[in-house]
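Asker: Could you build the full structure based on these sequences and the hints that come with them?
Take a look at the letters that make up each chain.
Number of protein chains: 2
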Amino acid sequence: MEQNESFNLDQIQTVLEDLIRQRHWTGLKHFCIEQEPIVLADALRHVSAYDQALIFRLLPRDFGITTFEYLDIDSQTHLLKGLGQSQVASLLNEMSPDDRTALLEELPGPVVKQLIELLSPTEREVAQTLLGYPENSVGRMMTPDYITIHPQWTVGETLNYIRIHGKDKESLDVIYVVDELGKLIDDIRINQILTAELNTPIQKVMNDAFVALKVMDDKEVAATVFRRFDRAALPVCDSEGFLVGIVTADDVIDIVAETDTRDIQQLGGVDALDDPYMKTSFWVLLRKRARWLIILFVGEMLTATAMGFFQDEISKAVVLALFIPLIISSGGNSGSQTSTLIVRAIALGEVRSSDWGKVLKRELLSGLVLGSILGAIGFTRVVIVSGFTGLYGAHWLLIAMTIGITLIGVVTWGTISGAMLPFILRKFKADPATSSAPFVATIVDVTGLIIYFSVAALILRGTLL
Amino acid sequence: MEQNESFNLDQIQTVLEDLIRQRHWTGLKHFCIEQEPIVLADALRHVSAYDQALIFRLLPRDFGITTFEYLDIDSQTHLLKGLGQSQVASLLNEMSPDDRTALLEELPGPVVKQLIELLSPTEREVAQTLLGYPENSVGRMMTPDYITIHPQWTVGETLNYIRIHGKDKESLDVIYVVDELGKLIDDIRINQILTAELNTPIQKVMNDAFVALKVMDDKEVAATVFRRFDRAALPVCDSEGFLVGIVTADDVIDIVAETDTRDIQQLGGVDALDDPYMKTSFWVLLRKRARWLIILFVGEMLTATAMGFFQDEISKAVVLALFIPLIISSGGNSGSQTSTLIVRAIALGEVRSSDWGKVLKRELLSGLVLGSILGAIGFTRVVIVSGFTGLYGAHWLLIAMTIGITLIGVVTWGTISGAMLPFILRKFKADPATSSAPFVATIVDVTGLIIYFSVAALILRGTLL
Numbered sequence: 181m182e183q184n185e186s187f188n189l190d191q192i193q194t195v196l197e198d199l200i201r202q203r204h205w206t207g208l209k210h211f212c213i214e215q216e217p218i219v220l221a222d223a224l225r226h227v228s229a230y231d232q233a234l235i236f237r238l239l240p241r242d243f244g245i246t247t248f249e250y251l252d253i254d255s256q257t258h259l260l261k262g263l264g265q266s267q268v269a270s271l272l273n274e275m276s277p278d279d280r281t282a283l284l285e286e287l288p289g290p291v292v293k294q295l296i297e298l299l300s301p302t303e304r305e306v307a308q309t310l311l312g313y314p315e316n317s318v319g320r321m322m323t324p325d326y327i328t329i330h331p332q333w334t335v336g337e338t339l340n341y342i343r344i345h346g347k348d349k350e351s352l353d354v355i356y357v358v359d360e361l362g363k364l365i366d367d368i369r370i371n372q373i374l375t376a377e378l379n380t381p382i383q384k385v386m387n388d389a390f391v392a393l394k395v396m397d398d399k400e401v402a403a404t405v406f407r408r409f410d411r412a413a414l415p416v417c418d419s420e421g422f423l424v425g426i427v428t429a430d431d432v433i434d435i436v437a438e439t440d441t442r443d444i445q446q447l448g449g450v451d452a453l454d455d456p457y458m459k460t461s462f463w464v465l466l467r468k469r470a471r472w473l474i475i476l477f478v479g480e481m482l483t484a485t486a487m488g489f490f491q492d493e494i495s496k497a498v499v500l501a502l503f504i505p506l507i508i509s510s511g512g513n514s515g516s517q518t519s520t521l522i523v524r525a526i527a528l529g530e531v532r533s534s535d536w537g538k539v540l541k542r543e544l545l546s547g548l549v550l551g552s553i554l555g556a557i558g559f560t561r562v563v564i565v566s567g568f569t570g571l572y573g574a575h576w577l578l579i580a581m582t583i584g585i586t587l588i589g590v591v592t593w594g595t596i597s598g599a600m601l602p603f604i605l606r607k608f609k610a611d612p613a614t615s616s617a618p619f620v621a622t623i624v625d626v627t628g629l630i631i632y633f634s635v636a637a638l639i640l641r642g643t644l645l
Numbered sequence: 181m182e183q184n185e186s187f188n189l190d191q192i193q194t195v196l197e198d199l200i201r202q203r204h205w206t207g208l209k210h211f212c213i214e215q216e217p218i219v220l221a222d223a224l225r226h227v228s229a230y231d232q233a234l235i236f237r238l239l240p241r242d243f244g245i246t247t248f249e250y251l252d253i254d255s256q257t258h259l260l261k262g263l264g265q266s267q268v269a270s271l272l273n274e275m276s277p278d279d280r281t282a283l284l285e286e287l288p289g290p291v292v293k294q295l296i297e298l299l300s301p302t303e304r305e306v307a308q309t310l311l312g313y314p315e316n317s318v319g320r321m322m323t324p325d326y327i328t329i330h331p332q333w334t335v336g337e338t339l340n341y342i343r344i345h346g347k348d349k350e351s352l353d354v355i356y357v358v359d360e361l362g363k364l365i366d367d368i369r370i371n372q373i374l375t376a377e378l379n380t381p382i383q384k385v386m387n388d389a390f391v392a393l394k395v396m397d398d399k400e401v402a403a404t405v406f407r408r409f410d411r412a413a414l415p416v417c418d419s420e421g422f423l424v425g426i427v428t429a430d431d432v433i434d435i436v437a438e439t440d441t442r443d444i445q446q447l448g449g450v451d452a453l454d455d456p457y458m459k460t461s462f463w464v465l466l467r468k469r470a471r472w473l474i475i476l477f478v479g480e481m482l483t484a485t486a487m488g489f490f491q492d493e494i495s496k497a498v499v500l501a502l503f504i505p506l507i508i509s510s511g512g513n514s515g516s517q518t519s520t521l522i523v524r525a526i527a528l529g530e531v532r533s534s535d536w537g538k539v540l541k542r543e544l545l546s547g548l549v550l551g552s553i554l555g556a557i558g559f560t561r562v563v564i565v566s567g568f569t570g571l572y573g574a575h576w577l578l579i580a581m582t583i584g585i586t587l588i589g590v591v592t593w594g595t596i597s598g599a600m601l602p603f604i605l606r607k608f609k610a611d612p613a614t615s616s617a618p619f620v621a622t623i624v625d626v627t628g629l630i631i632y633f634s635v636a637a638l639i640l641r642g643t644l645l
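Protein chains in written order, with the numbering used here: chain W, 181 to 645; chain P, 181 to 645.
The hints are simulated quantities; they were obtained by calculation from the structure and are not laboratory data. Incorrect hints may have been included.
Per label pair, the in silico range of CB-to-CB distance [said to hold, decoys possible]: (1) P:E420 - W:D398: 44 to 52 Å; (2) W:E377 - P:R241: 31 to 39 Å; (3) W:M396 - P:L189: 33 to 41 Å; (4) W:S270 - P:K541: 39 to 47 Å; (5) W:A556 - P:Q202: 54 to 62 Å.
In this text the structure is predicted, and so the values were computed from the model without any measurement. All C-beta atoms in this analysis are idealised placements derived from N, C-alpha and C, irrespective of residue type, glycine included.
Answerer: Printed below as a string of C-alpha cells:
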C-alpha cells in the first residue's frame, strides 16, 4: 500500500502498542488485517517478542502465515517460542518450503527435530528432503511447489490443471514439462501457455531447450546462472535429470547480496560474518577480526626484522626514516587497488584463471606509469621542501632521486603483487577474496622496505651512507 | 539444453567457423537454429564481428532477435555496425524496450539519434520516453510491456484478454489492475487469476494492497525494495500514481551485482569502473586509479612532515624507527576491517545513521580488546628478540612497553576512525564506500605516528630520549 499508505512504520508500531495496552483485542485484530502483511511484519520487528506472540494469536490463519514469512529469521525464532504448539504447527505446515528451510537451518538441531515432528507427514518429508541437501547447495534454497505437465496435454487441459493445483505454488511464471517418469524435458513460460489457443497441444508450445540447475550445485552457481540467463525461475534437477524443485529469482537476489557481502568483508581483512553486523555478538565479531589482525601482525613483524638489517643506514642517515611510511603505504595502496579490481573481476567471471598473463602485462605497465607519477610527485616534494627548509641537508638531490626511484619500484611491485595474488590463491583452491587490502599491503611492506634501502644504498653510497 | 547439450561452447564456435569457411549457408542456418538462443549468443561472443553479422543475416527474425538480446552490449554495438539498415531497424523494433534502453544508453548521442529514427513511431515514442528518465533511475530499467486490466472484468475475460495481448510481454507473473484513468489500484499475481473460477470478478481477487516503485527512484532503491519484498516484478508509477512500467527481478539481480561492484571498487580505493575490468581501456583504468593514489599519496606526505618533528628522537633512538611500519600498519588494518564492516552494513540497511552511537561504543570496546591482543604480542616479541640478540640494547623493557602501549592506542584509534568515517561521509552526503581501506589507513598513519612518538617520549624520557 505504498501509494496510499496512511501510516508510517513508527505510527503503526505506536498504534499496535496502544491497542495492546488498552487490551482492545478486536480493534487490534482489525487494525492488523488492514495492513499489508509485509508492512505489518516490518512494524512488528520493533515490537517486543511477547506482544508479537499476542498479535499472532489474533491474526486469521492465512494472513498470519504470510506475515510470519515476511519476518526475519531472528524474529521468527523468537516468535515460535512465544506461541502455542498448535499454532506453531499450523505456521510451519503452511509456510512455503524454501522459507521454512531457511528458518530451520538457523535453529539448533534438537529444536529442528521437535519442530519437524509438528509437521504433517507430507510436509515432514518435504522438510527433511530439503534439509538433507548440503548447506549452501541449491537444494537448500529450492521449493518443491511448482506445476508439472505432460507433453501430450493441451493448453486448455493445462489451464484447468493449474486452476485446481496451482494454489500455494511459489511461482507459476514457468511451467515444467516432464515425461512419465518425471524427467524434465522442457520449461515453458506461462506467457506461452496463456497466449496459445486452448486446443493447442503442449508439444507445439515446447522448444525442447531448457537450462537447469543441479541440486548439489553451490548457491553461488545459481546466482551466476541467473545473472547470465535472465530468468524468473530455474528448474533444479538431480544427477539423473529428474525435476526435484525450482529456484526463483527473488531468492537469488539475496544470494547475490550475501555472496558479495562475504567477498567485501574478506577484502576488508575480516573473516566473513554469518549474520548482520548488528546481530553478530561482540565476541564472535572480535574473533573474526582478531584472527586476521594477528596473522597480519605476525607477517608485518618481518618489517621490524628487515629494518633491523638497515639499522646502520638509518643511524647514518636518519632522514631515510622519515619517508618509510610514505613509501610502504604507496606500495600497499597500489596493491590494494589492483587486488580489489582483480578479485571482483574474477568473482563476476570477467577474468578467468587463464587470463593471468594478460593481466600481468597490463598491470606491469599500469604499475610503471602509476609509480612514475607518484615518483615524480615525491621527487618534487623533496626538492621543494629542502629548498624552503634545508631539512634534508646538502644531499637533498640524491635523497629526492632515492625517493623517486624507490616509488617507481615499490608501486610497480605493489601493483604486480596485488594482481597476481588472487590468481595464486585461486590456483591453490583458496578464495581469491582472501587477498584483502591489508594482506596485500603486508606482503608489499616488507619488500617495499628492501627496495627502499637497496635503492638508497646504491644512490647514497659514498655520501650519506 | 544444459541437460541434453551435445556441444560445448568451444565446439559450437568451431562448427560455426567451419561452416562459414565452407560457405555452407543452409547448414549454418540449421545448426544455429538448433541451438538455444542464449547458448548461441554465448558461442558468438568469441566469433569475429564480421562472422557474427554473417550469421545474423541468416537467422529467422524472431530467433535472431532473441539471440541478439542475449549478446552483451559490446557485441550488440559491434554487430549493429555490421548489419544492413533494414535489419538494424527490425532488431531494434523487436527488442524488448528495457534491453533496448540498456543498449542505447551505451552508444554515443549521434548514433542513438540515428538508430531512434529507424524505429516505428510507437517504438520511437517508447524509446524516447525511457531514455528521457535520468541515468540510474528506475525509469531507465523498466519495461512498458505488461498487462493491465480493470476491476470490473471477470477472470475469464482477463484470460481471454491475456491470450490476445500477452504475446511479447516481458513478464506475466503479475497483472496490474488500473482504474479508467490508468492509476494503479492493485497488482495480482497470475497464480491468483489462474486458480480462480472463470466467472469470478477481478474485484474479488484483489486485495487493494501493493508496493510500487517510483519512476524517478534510484536503481539502488529498486534493489532494496526487491530484496525486502521478495517479488518477481514490481510496478513503477509516476508521481501521481499512474502506472508507467514494470521492473522484473531478473534485471534487479544485475543491479545488485553492479552496485556491489561499485562499492567493492571504492572500498579498494579505486573510482568505480563503468565497464568490466578487461573491457576498460588502459588509460581510463589508469585515471581511475591515479586519482585516488595521488590523493592518498599527498595525504600520506603528512607522515613525512610529522616524522620531521621526531627526527631528533629517531637519531637518538634509531631502534624506534624499526617498529614504524609494524605500528602504522596495525592501525591501518584494524581501521580497514572496521570501515569495511560498517560500510557494508550501511549499504544493506542493517545500520542506520542514527546507530552511530551504538557502533561507536561497540567499536571502542573492540578496539581496546584487539589493541591489547596485538600489544601483548608486540611486547612479547620485543622481549624475546632482545633476549636472543640484544638488538634493542639495555632499555629493551622500556622499548617493549612503548610498543605494547602504542599498539593499544593505535589499534583503538584505527578502529574508531574506521567505524566513524563512513557515518561522517554519509552525513556530508558522500558515499560511505569512499572510506576505503587505503583512505582509512592514510588517516590512521599520521595519527599513529604521533601516538607512537608521544608514548615513546613519555616512557623513554631520561633513558633513550
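Asker: With reference to the structure, classify each hint as holding or not holding.
Answerer: Hint-by-hint comparison with the structure:
no.: 1; hint: P:E420 - W:D398: 44 to 52 Å; result: 46 Å, holds
no.: 2; hint: W:E377 - P:R241: 31 to 39 Å; result: 22 Å, violated
no.: 3; hint: W:M396 - P:L189: 33 to 41 Å; result: 23 Å, violated
no.: 4; hint: W:S270 - P:K541: 39 to 47 Å; result: 41 Å, holds
no.: 5; hint: W:A556 - P:Q202: 54 to 62 Å; result: 57 Å, holds
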